[in-house]
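Protein chains: 2
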Amino acid sequence: MNAEIISIGTELLLGHIINTNASFISRKLAEIGLDVYHQSVVGDNPDRLADSIIEAASRSDIVIMTGGLGPTVDDVTTETVALLIGKRLILNKSILKDLRAYFKLRGVSLPKESLRQAYIPDGVKWIRNTVGTAPALITDYRGSKIICLPGPPREMIPLLERDILPYLKRLAGKSWLIRSRVIKIAGLAESQVNGRVKDLLELRPPVTVGIYAKLGEVDLKIMAKDKSSDSAGKRIARIENIIRKRLGRYIFGSDDETLEGAVGRLLIMKKKTLAIAESCTGGLVANRITDIAGSSRYFMTGVVAYSNSTKIRLLGVSAETLRRYGAVSKKTALEMAKGVRLLASADIGIGITGIAGPAGGTRPKPVGLVYIAFSTGKINLVKECRFKGARDEIKFQASQVALDILRRNSDL
Amino acid sequence: MNAEIISIGTELLLGHIINTNASFISRKLAEIGLDVYHQSVVGDNPDRLADSIIEAASRSDIVIMTGGLGPTVDDVTTETVALLIGKRLILNKSILKDLRAYFKLRGVSLPKESLRQAYIPDGVKWIRNTVGTAPALITDYRGSKIICLPGPPREMIPLLERDILPYLKRLAGKSWLIRSRVIKIAGLAESQVNGRVKDLLELRPPVTVGIYAKLGEVDLKIMAKDKSSDSAGKRIARIENIIRKRLGRYIFGSDDETLEGAVGRLLIMKKKTLAIAESCTGGLVANRITDIAGSSRYFMTGVVAYSNSTKIRLLGVSAETLRRYGAVSKKTALEMAKGVRLLASADIGIGITGIAGPAGGTRPKPVGLVYIAFSTGKINLVKECRFKGARDEIKFQASQVALDILRRNSDL
Numbered sequence: 443m444n445a446e447i448i449s450i451g452t453e454l455l456l457g458h459i460i461n462t463n464a465s466f467i468s469r470k471l472a473e474i475g476l477d478v479y480h481q482s483v484v485g486d487n488p489d490r491l492a493d494s495i496i497e498a499a500s501r502s503d504i505v506i507m508t509g510g511l512g513p514t515v516d517d518v519t520t521e522t523v524a525l526l527i528g529k530r531l532i533l534n535k536s537i538l539k540d541l542r543a544y545f546k547l548r549g550v551s552l553p554k555e556s557l558r559q560a561y562i563p564d565g566v567k568w569i570r571n572t573v574g575t576a577p578a579l580i581t582d583y584r585g586s587k588i589i590c591l592p593g594p595p596r597e598m599i600p601l602l603e604r605d606i607l608p609y610l611k612r613l614a615g616k617s618w619l620i621r622s623r624v625i626k627i628a629g630l631a632e633s634q635v636n637g638r639v640k641d642l643l644e645l646r647p648p649v650t651v652g653i654y655a656k657l658g659e660v661d662l663k664i665m666a667k668d669k670s671s672d673s674a675g676k677r678i679a680r681i682e683n684i685i686r687k688r689l690g691r692y693i694f695g696s697d698d699e700t701l702e703g704a705v706g707r708l709l710i711m712k713k714k715t716l717a718i719a720e721s722c723t724g725g726l727v728a729n730r731i732t733d734i735a736g737s738s739r740y741f742m743t744g745v746v747a748y749s750n751s752t753k754i755r756l757l758g759v760s761a762e763t764l765r766r767y768g769a770v771s772k773k774t775a776l777e778m779a780k781g782v783r784l785l786a787s788a789d790i791g792i793g794i795t796g797i798a799g800p801a802g803g804t805r806p807k808p809v810g811l812v813y814i815a816f817s818t819g820k821i822n823l824v825k826e827c828r829f830k831g832a833r834d835e836i837k838f839q840a841s842q843v844a845l846d847i848l849r850r851n852s853d854l
Numbered sequence: 443m444n445a446e447i448i449s450i451g452t453e454l455l456l457g458h459i460i461n462t463n464a465s466f467i468s469r470k471l472a473e474i475g476l477d478v479y480h481q482s483v484v485g486d487n488p489d490r491l492a493d494s495i496i497e498a499a500s501r502s503d504i505v506i507m508t509g510g511l512g513p514t515v516d517d518v519t520t521e522t523v524a525l526l527i528g529k530r531l532i533l534n535k536s537i538l539k540d541l542r543a544y545f546k547l548r549g550v551s552l553p554k555e556s557l558r559q560a561y562i563p564d565g566v567k568w569i570r571n572t573v574g575t576a577p578a579l580i581t582d583y584r585g586s587k588i589i590c591l592p593g594p595p596r597e598m599i600p601l602l603e604r605d606i607l608p609y610l611k612r613l614a615g616k617s618w619l620i621r622s623r624v625i626k627i628a629g630l631a632e633s634q635v636n637g638r639v640k641d642l643l644e645l646r647p648p649v650t651v652g653i654y655a656k657l658g659e660v661d662l663k664i665m666a667k668d669k670s671s672d673s674a675g676k677r678i679a680r681i682e683n684i685i686r687k688r689l690g691r692y693i694f695g696s697d698d699e700t701l702e703g704a705v706g707r708l709l710i711m712k713k714k715t716l717a718i719a720e721s722c723t724g725g726l727v728a729n730r731i732t733d734i735a736g737s738s739r740y741f742m743t744g745v746v747a748y749s750n751s752t753k754i755r756l757l758g759v760s761a762e763t764l765r766r767y768g769a770v771s772k773k774t775a776l777e778m779a780k781g782v783r784l785l786a787s788a789d790i791g792i793g794i795t796g797i798a799g800p801a802g803g804t805r806p807k808p809v810g811l812v813y814i815a816f817s818t819g820k821i822n823l824v825k826e827c828r829f830k831g832a833r834d835e836i837k838f839q840a841s842q843v844a845l846d847i848l849r850r851n852s853d854l
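Chains as they are written, first to last, in our numbering: chain A, 443 to 854; chain B, 443 to 854.
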């Protein structure tokens, strides 16, 4: 069985947005063993859309479409499908009820134009959209399955993962599949990771390993193809063991795990509380820490000390330190970490000070110079970092190192 | 004249890479006034590629292909085109010379497999690739122009911009082009914006307006097509004026401007300083404020008060308020805003408290309930918001409203 993807939207053809849906869906279909031979993009034009669907149905068993299900007159997917399969659009009471509930929850009454979204072709299967207004549609057309999904990724992804993929798995009834696992690494550069796993990167199917460098993180992706999920899992586990032996504590998680999540789990396990004083990262570390549900169990206080007076008055950094060593110095970072720990009565304090740029750099203290301090009652340490990149990239890399220091030292 | 784009590569169909080439080329073609009605992706498969080219040539004047020009046996674009146009592949001495020079510069001799790249179909036009090994090819096929470009963006982009776009401009003989402008709106839902500009959304070329809803923001994109950049600009200005009259202060910027940037400009202009106390947003507002270069001129202090004790000790929220009204209440938000303003000796204080979820909600205080307070010496106001979505979406929407309140009130 094979599938193809049609992305609908004039904004795609104008290059205003990048087609991330097509690659996301392709990846997910590959994981359940469905081959994708074509992706295409058409605008919000009924004739061209109809031609594309006819052509796709002539060569693929499954046609997945995204976009064009919205409330405006530009959205023509539902009408076009209805016309092709020769069904009238009829008002679906359940969808209408969902729509009213959706808008009521948001304190507004159903807008007139949104009423359109309750009309679907007679007899097609529909699936509730729990985060938006356009339900997914499934219908048969000339021997192929046509599946319509909303265009916004935050609506498309849950529908695909929760409903469409299990449905397609049953439909395809395939016995082999692809599984994958991402091993996430912090504290090493791509070339350093590369050097340790070079042989694995040259593996050929059924098991392969790819390396992906991100800002302040390197990912290794293991993919295995096998008859059953179990046997593919075993192939992956074998390679994962080798990687874990070679990279040890540089690995902070796998798959969807994040550095802030890993820090959270550790702090809960060790029953430690945390306070953070940030200058150049401007609240980014606190923001990432508090992206984790339940972080109120270990995160007490964050202080964004952009001014020297805040550093002195709130964090107790000494005026003498600021004068002698400057706001961007090892000593200031350490006093910030100690100060915020005491201020919040926390077990661990983090202090970050640096130059995020683009202005403010000097020869001895260039843009990208960041000091990150970690302080407990017993241990005090500071790391000097020199990052490259734009302001937001320097902020992000500093937050990454701060979280990694927390991860590696929270048992101290 | 219209064009379409075929992207070639199995890695695209597997979803391993995102098709940024298609959107880049589309945007560039729109700028020189060429309509793109189709984009498609096929794998490294000669039959399916040939089918795609035949189909594209049947409906488009210009077919731009990227990928499949590399040295490996997987790369089948050149052979497929040769077969379609009925020409033999012949060794091109100039390309061979370029190839040798390319590798010599890198201290290696020409690899055997790269020799393939010097063979091109007899009689086709070729264009030197100055950053890679695969030249671009141009040929005629059934009345259409077929243009083959290398897949890696760092090779494709210079060839497109330096050679192909000027060539297409001459070919199209057109002197008109497309300009666009994005008007950014906060504080109104998509349906509310829609209601105010409905007539504009139905405009047909040469000027069109599109509406794009983002989290906590709605964008209106004006596009105009005209003979000159000036006259297209005038068409845009006319529509922009209408939009500005109707949406007034809901508009916070245009094109690449951000809400945090607009807030920064205002605070600098009004010479006001800012302090922020955040609970549920966990530092996100401070982080966004400090994403702006130069924010140290107006941003003094941020406090992330996740615990009640921090709210009391650092911000001076009264224990009585917390007990009677709870941490998530109008009164707490206001005391946070006042407290942080005094703590930092700033002109403006912002206080944010709410329930980001997924846990912690109750019937009277559900997940998504957020209070956002704004305080100066004279003015104190609090807004109650009820957001929907995941934890990070609630945080983001709250930060968006907080920034919008700052933007609208920083002259108070």
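Please note that the accuracy of each hint is not assured.
For identical chains, the list gives no copy identity; a pair is met inside one copy or between any two copies.
[What the hints assert, rightly or not] Mimicking DSBU-like on lysine-lysine, the simulated pairs with C-alpha atoms at most 30 Å apart in a straight line are:
1) K687 with K663
2) K773 with K667
3) K825 with K546
4) K470 with K656
5) K587 with K535
It is worth saying that the hints were derived from the structure and are not from the lab.
List of violated hint numbers, smallest to largest:
2
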